[in-house]
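Here is how the chains run, residue by residue.
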Amino acid sequence: MSSVLKKIGEPSYTLLEYVVLITLMIYVLTPLLWLLETSVNTDPTPYLSIPKGITIDHFIAVLTNRPITGGYAAHPVYMTRWIMNSLIISGTTVIIVVMLAALSGYSLSRLRFKGKNLLMTLILLSGFMPRMAMILPLFKLCRTLGFVDNLIGIAIVVSSGTLPTQIWILKGFFDQLPRDLEEQAWICGCDRISAVFRVILPNVGPGLAVVAFMSFLSGWGAFTVPLILIRREYLFPISLGIASVFIHNPGEIGLVVDYGPTCALAVLYAVPSIALYILLRERLMEIRLARLEVR
Amino acid sequence: MASTTKIIAVAIIVIIIAAAGYWYYTTTQPRKTEITLMTKAGMWADFIKTSGVLEDYKERMLKEKNVKVEVTIITAPHRGYGEKLITSFAAGSEGDVCWVSPTDLYRLAETEYLLDLTPYVSKWPDWEKFYPAAKKAYTIGGKVYAVPNDAATMVLYYRKDLFKKAGLPVPWQPETWDEVIEVALKLKEKFPDLPIIIEPWYEEQLPIYSDGGVIYDPSDGKFIAKSPQILYMFKLYYDIIYKYGLMPKEFKLERWDDRKLFAEGKLPLMIDGTWCYTEKWGPNGPYPIENREEIIGYAHPPSSGRPNNPHGKYPNTFRDYTWAISARTKEPELAFELIKELTRADIMAKWGHDTSHLVVRSDAVIGDYAEDKFLQWNTESLKYAVPKPPTILFNKYMDALKEVLRNELLINERTPEECLEIFAEKVTEELGEDNVKEIPIP
Amino acid sequence: MKILKIKAWIRDNLDQIVLSLLIVPALALIFTFQFIPAAWTIWFSFTDMALIGKKALNWSFIGFKNYLDLITDVYFWRSMNVTIQYCAVSLVLRFTIGMLAALFMTLSKVKGKIFIAAVFLLPSAIPGIMHPYVWISMLEPNYGTLNTILGSFGLPRQSWTYGAVTESLIMINTWAGYTFTMILMASAFKSIPREYYEVAEVYGASRWQKFRKVTFPLIKFPLILCLILIFKEDIDDFTYAYMFTGESPRPDFKTELLSLYAYHKAFHYYELGFGCAVGFIIAIIVFVLTLLQLKFARL
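These protein sequence lines map, in sequence, to chains A, B and C. Mapping of the first sequence onto numbering that gives the first Met the number 0: position 18 corresponds to residue 17, and the numbering continues sequentially without gaps. Mapping of the second sequence onto numbering that gives the first Met the number 0: position 125 corresponds to residue 124, and the numbering continues sequentially without gaps. Mapping of the third sequence onto numbering that gives the first Met the number 0: position 16 corresponds to residue 15, and the numbering continues sequentially without gaps.
Just so you know, not all the hints are guaranteed correct.
[As the list claims (entries may be wrong)] Derived Cβ-Cβ restraints for the label pairs, each shown as a range:
id, chain 1, residue 1, chain 2, residue 2, range
1, A, Asp-42, B, Gly-366, 41 to 49 Å
2, C, Ala-27, A, Pro-201, 21 to 29 Å
3, A, Asp-42, B, Glu-437, 49 to 57 Å
Read the hints as simulated data drawn from the structure, not as lab findings. Keep in mind that this is a model prediction, so the values were computed, not measured. Even for Gly, the Cβ is constructed at its ideal location relative to N, Cα and C.
All chains should be modelled from the sequences, with the hints used to inform the complete structure.
Here's what the structure looks like:
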């Protein structure tokens, strides 16, 4: 695949490639050096420093729910519980978003009617008001629906926030698919719905992967929605958990933080997202290519 | 016939006995109820959970009021707590007892979302033991709306080791700001390489109090837009920055990490809050200093030297957090009993010691808190603390002050007199002419 | 008679009806949790409501007063100025850098691409709540990594948190946000059926022609989409501006994006109505720009 694209699309300047790679790497990694260094440093500090000694103690502290000293006296944490909550929220979000975005993205791609652009724009803009101003109405609404202290409820609200973007993305992928693909399926006796599941969806693998990944990220990193909807500490997702254990004031330097475990937790936090991306990249894209080859 | 009467009689007796039994059962059996407590997640909520205060409370309620009470803690992280609190109040789902910051408190009291605690505190003998400054700050229009939990004042921290090297006396307690500048100049002479000698402000309005002024006149409810004391504040900052060159202006504009500079001995003099001593420089802080007692010197912020300062010898400001009760609570009595428990002297002392905050009642200097030399010394400053004006316009007033200091004094390098004029204009515009007054400058 | 007609119509348009029904669940969800609260806040913008305080109970309908105040508000225009700069530069940078990364990930033959992909993803994979810590350790004037690096090369230190604070903001936003373009464009490149190129090759198309006729039409939609979504996110989100600002606006207003201004108005000055009016203005800007972009792109 890449070799074909390469032959066609771009000159093969290997040197240029390396320059791009190294520049990007420097830009991405320089800020993170501190994070990585601090998560293994025996003597963590708020600034980048050469570690006095290497330790994995901070990771163990996080994974065993060891009480954290946040500048003051040690207090208990519920890391594993928070990670579970986050997994529930983002898992549900992925399921809801992938399903609904696939259906409506396909529908919007194939339907032709006046005012489609307007509808699309309205969908995209649905979450346009500043989120902080929206929290009061949202809270009242969710309380009526019983979504307070309810992880699934939170996943539903988070999904509604990320759906517009994902519908747009998937619509783009459906638009790219040649129409004769589904027409062939109809000729073979499929109806519209089964054509979608048998032929169309398998062919937008990369699109589904993107949508799944992005909705996972939005569930995993959700902050504002759980902030107002969750009232019990044991139901916190990890984003709220980090914010409550590691205190800081915006704009203030020299924070009240146990830096070692904080950074270890941040590193652990990154693992599911990256693992998911690699998994999706490897699996979904392969499936799609195989299908095309058969055809 | 007789048997019917008998049956009826038996039935009546049975009913009476059952009723009596039921009555007895319901009156002696503890009533069951629930109280919700809203506080910050993390160390705040954990302190309440681990200090055993809730168990004591439940036990006491069962004994004194025959009520079996369940306490549910509602939490939100430090970042986002304010938004959550405000939203909860606006939506009517706040806790019965809430941890409230002063600025939100004034707004909430104005809406009468908060319960007027005056009848409760008047029956509470311990209320007398709370420091007047703390009490005054939460009395709005003669009504008490909150019970303070802790406080922090401003401390003039200095490096004892640098002082000794410069041949200056230690311990040191300056009486006037002029003395501070004099010492700073000596330090500058001795250590010309230090990037900065003194950080004069954490809370900008402090020198106004040092000179015996106020920013708010409670007698007519007006803010002060112009006064000799405000001019004094601008002058003091101007002199420190430009006349004597004791603080590069980039320090404030770029928000240098002053606590680290101090810990490394690159900043010999600074004003900062009580909490810094343990939170930043303690063994668990980000910039631990070994032998804090030997390295860190502390003094009260001095006055301007003007005689008869109404705020006392060492005028100070303070910031704090409070407990308040929602006006919609179904159990006001029980909620107030919970506040009583939470602000118990020994609990307050433990919280103060653990988090490096001052206790706000005079009988709470006990236990570990009393053994902490710094805290014990710092508690005295509460006597000089000037309460913040209990009104919502305070936010706007302070924003105007910060804006003038930053834009006019630091960026445009204007003279104190010019700053004063601009400030007066700005405050009048922002707060409205009816809410400000000017005190003529002699 | 009528019923029969309807039946016939349904039979004729069954396919279209089934298609339109597919969109209903998503629309219902978006309508309930996004439109209703948003409409509610638009209503707020025509009142003088506050979340708490006197105006929370005794609010009144004041028509367009908030909007008139807004037009004459100096701070609003300053904030608009900052926002335009920030959004324009962010858009270019987030797109270019993301595009470079996407090209790299699809085209390059460098070994260990999975590892590289993982590194490229890191900014969006670490918790958002950690970004302030990470960047303060970078930008602090005396101890920050950037100034230390500059110093070790003998270059003068820069004022990242004051003089160049808007630039710093853009740098952080690009750093945290380029991954969006990268993910989207990488998958767009991947989903181009390679048969198309084979056909083009048969016809002897040049490299440029192949790009013009095959690649570009197929990535046009994701490309426009990317630009629209980046713009929407930048104008909406104030996480990084907040981290340099805090509870009240900075006096120099260099970090006061419109969205942050709306937030400060609603939560610091307790003027919810005014904050919502600012929010609605943002929404209108996004709406108009999106429609224009769609129109010009002929999608």
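Against the structure, the hints:
no.: 1; hint: A/Asp-42 to B/Gly-366: 41 to 49 Å; result: violated, 32 Å
no.: 2; hint: C/Ala-27 to A/Pro-201: 21 to 29 Å; result: holds, 27 Å
no.: 3; hint: A/Asp-42 to B/Glu-437: 49 to 57 Å; result: holds, 55 Å
In terms of the numbered hints stated before, the structure departs from hint 1 and from no other.
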